[in-house]
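Chains as they are written, first to last, in the working numbering: chain L, 2 to 138; chain Z, 1416 to 1598.
Simulated from the structure, these hints should not be mistaken for laboratory data.
One or more of the hints may lead you astray.
[Said to hold, decoys possible] Label pairs and their in silico Cβ distance ranges:
(1) Q38(L) x S1557(Z): 19 to 29 Å
(2) D1420(Z) x L35(L): 42 to 52 Å
(3) G113(L) x R1563(Z): 53 to 63 Å
(4) T40(L) x L1546(Z): 31 to 41 Å
(5) L93(L) x L1433(Z): 51 to 61 Å
(6) D1467(Z) x E42(L): 13 to 23 Å
(7) G1432(Z) x E42(L): 32 to 42 Å
From the three backbone atoms N, C-alpha and C, an ideal C-beta is built for every residue, glycine too.
Listed below are the residues making up each chain.
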Amino acid sequence: MENLNAEGQWIIMMGFLVSLGIFFLAVIISQSTLVGQTTAEGVLEFPKNDIQDLRHDILEVEIFNRTQCLSFGSSCGSISQNISQEIQQISLYRKSAIVNYTFSSPSCPPGGGTRTVTIHYNNGVTDYDEWNIEIHC
Amino acid sequence: MVKEDAQLYTMEGIAAGLIMLLTAYLVLGSTTVYTPGDTHITDMQLEQVGSDILRVMDTPTTLTGSLQPSQSNLSQIVNNTYGVSFNNSFIGTYLCNPKAVANEISVMCTDIQINASVWYVSNSNSIKSYLLPIPNSGAYSSVGPGVRVTHWIHTNWTPINTGTSDMRTEPQEILVEVLIWKT
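Sequences and hints are given; from them, build the entire structure.
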């Protein structure tokens, strides 16, 4: 070892550093395509449109339940129950999703106030719960 | 006796070789061939545009005398089973209108076909459907995956001309399902 030429050690070290840098860049590049693919799949898998649509419809049912349902008299209760069944059964049958919703009281308290709506949605991949959406009468 | 000269050079050579091998392995391993079916980007756009169109079609444009929203375009179409009108609205007014929501995909909108059905719960509590009769050009083939978009409708009207006598006559929720595919 005594004959080892000790010159040019900086050059060797810089060579190592540069190659390590290239190595890490290669690692990052190899991850990027994977990230793009999993993101697109994640976006596709999340049932954004289904949840938005269901939420919109349930809030529409709430308006019906609060304003027009009473004009049907005694059959208002069975209509509301049927609507709830329709949403649950069709969701299960066509959308493979378990859906449930509740309104806090059958109608507005006298003199105004708030009603709360609770929505549950689960399609096996995404579990979505919304508690106590406040509706001002 | 083995000579002991240049051992550092030998080690350096081995290390450099290892690094080059690893880099080559990483670079070769990171080149993934992407086919259009892998990216799902067109499906995603089509699904989004389809949902948006159904939502826009279900937005009432006028108010009634008592300032309640009147029946929406989609609700009218579904209640009267106007399949042709649905097709014209969905494809002509919205999907292929360059001024409408979907102008970024209007390039390919000439070869898009749709099919629509309506799902309801009958008065004997079974789940049934009827089709909105849409005139197809008979191109029942597809170049990519089809997408299915749905929209819930709260309806106060009993649909007519459907050939389904078992629908409830009271306000109810129905699901409009549209299958969209590229021919």
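If I claimed the Cβ atoms of Q38(L) and S1557(Z) lie 19 to 29 Å apart, would that claim hold in this structure?
Roughly 23 Å apart at Cβ, these two residues keep to the hinted range, so it holds.
Using the C-beta atoms of T40(L) and L1546(Z), is the stated range 31 to 41 Å upheld?
Once the Cβ atoms are compared, 36 Å apart, the range 31 to 41 Å for L1546(Z) and T40(L) holds.
Is 42 to 52 Å right for how far apart the beta carbons of D1420(Z) and L35(L) are?
Hint holds: Cβ distance 47 Å, inside 42 to 52 Å.
CB-CB spacing for E42(L) and D1467(Z) relative to the 13 to 23 Å hint:
21 Å, holds
Indicate whether the distance between the beta carbons of G1432(Z) and E42(L) respects the range 32 to 42 Å.
Holds, at about 38 Å.
G113(L) paired with R1563(Z), Cβ distance criterion 53 to 63 Å
42 Å, violated
Range first: 51 to 61 Å. Now tell me if the beta carbons of L93(L) and L1433(Z) are that far apart.
57 Å, holds
Checked against the numbered hints given earlier, this structure breaks only hint 3.
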